[in-house]
Amino acid sequence: MLIRKEIIEEGCLLGIWEITETCEQLLSMLSDEHQKHAIRYLSRVKSKQRRLEWLSIRVVLQILTNDSKTIKHTPQGQPYLLDNSYQISISHSKDFAVVLLHKHKKVGVDIENYSNRVLKIENRFISDDEYIDPDNRTLHLILHWCAKETLYKLMDSTNIIFKEHLYIYPFQIKEKGLIKASESLSSEKAVFDIYYEVNDNFVITWGMV
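Under the numbering used here, the first residue of the sequence shown is numbered 7, with each subsequent residue one higher.
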């Protein structure tokens, strides 16, 4: 079910899908051409969750563009559109799938359900000098994780170590806002603006360069 479709800025489209359908229902929403491709692809995918995510992403893309576009992946795993009509970033969690498109800019997006799992992996992605709100630790950690996932997608490198190369500047959590972040892997030491939103069901972050 499409729960959000909006223009973030000129040339930039965001779509969020809540995965409530069966694989058969999602498949029926695709164009005839893409249904044939989807059936061939899904026959090789054993995980039901993976099939739902894959289909949801393509349904959202079709709705955003009003067209049947094909997603490919680079050797590094980054998605791109076969016709190069948009830059694309995708993300999915247990219950949601998101697509971010931009006509000209490189984009990154991440979406996460609320989960305490992030507490178990904190040491893998949070550096000692990053601020985590002790009164809202879980949500703050999820936002840090999402922001760093978004940064990873904005950077053309597979050598990024979240804890060492990506830094989130201190911020206080609001319903929506801007997170300043930087990277130390490249010689440019670039600084990024990462936008975020928090609601009752999920956390989402996105950025563009």
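Just so you know, these hints were derived from the structure itself, not from any lab.
Check before you lean on any hint, since a few could be wrong.
Taking lysine-lysine pairs in the BS3-like style, the calculated list, with each CA pair at most 25 Å apart, reads [claimed, not checked]:
{"hint": "1", "residue 1": "Lys-109", "residue 2": "Lys-78"}
{"hint": "2", "residue 1": "Lys-75", "residue 2": "Lys-54"}
{"hint": "3", "residue 1": "Lys-52", "residue 2": "Lys-11"}
{"hint": "4", "residue 1": "Lys-42", "residue 2": "Lys-111"}
{"hint": "5", "residue 1": "Lys-75", "residue 2": "Lys-42"}
{"hint": "6", "residue 1": "Lys-169", "residue 2": "Lys-112"}
{"hint": "7", "residue 1": "Lys-126", "residue 2": "Lys-78"}
{"hint": "8", "residue 1": "Lys-126", "residue 2": "Lys-109"}
{"hint": "9", "residue 1": "Lys-195", "residue 2": "Lys-100"}
So, going through the hints one by one against the coordinates:
For the hint linking Lys-109 to Lys-78, the alpha-carbon distance of about 17 Å falls within 25 Å, and the restraint holds. With a C-alpha separation of about 23 Å, the suggested pair Lys-75 and Lys-54 falls inside the 25 Å cut-off, and the hint holds. Annotation: proposed proximity of Lys-52 to Lys-11 is violated, straight-line Cα distance about 30 Å (limit 25 Å). About 31 Å separates the Cα atoms of Lys-42 and Lys-111, which puts this hinted pair outside 25 Å; it is violated.
Note on Lys-75 and Lys-42: the hinted pairing holds, with a Cα-Cα distance of about 14 Å set against a maximum of 25 Å. Distance restraint check for Lys-169 and Lys-112: the Cα-Cα separation of roughly 23 Å lies within the 25 Å cut-off, and the hinted pair is therefore satisfied. Restraint check for Lys-126 and Lys-78: not satisfied, since their Cα atoms lie roughly 33 Å apart, outside the 25 Å limit. The straight-line distance between the Cα atoms of Lys-126 and Lys-109 is roughly 38 Å, outside the 25 Å bound, and the hint therefore fails.
With a CA separation close to 34 Å, the supplied pair Lys-195 and Lys-100 exceeds the 25 Å bound.
Hint violations for this structure: numbers 3, 4, 7, 8 and 9, all remaining hints satisfied.
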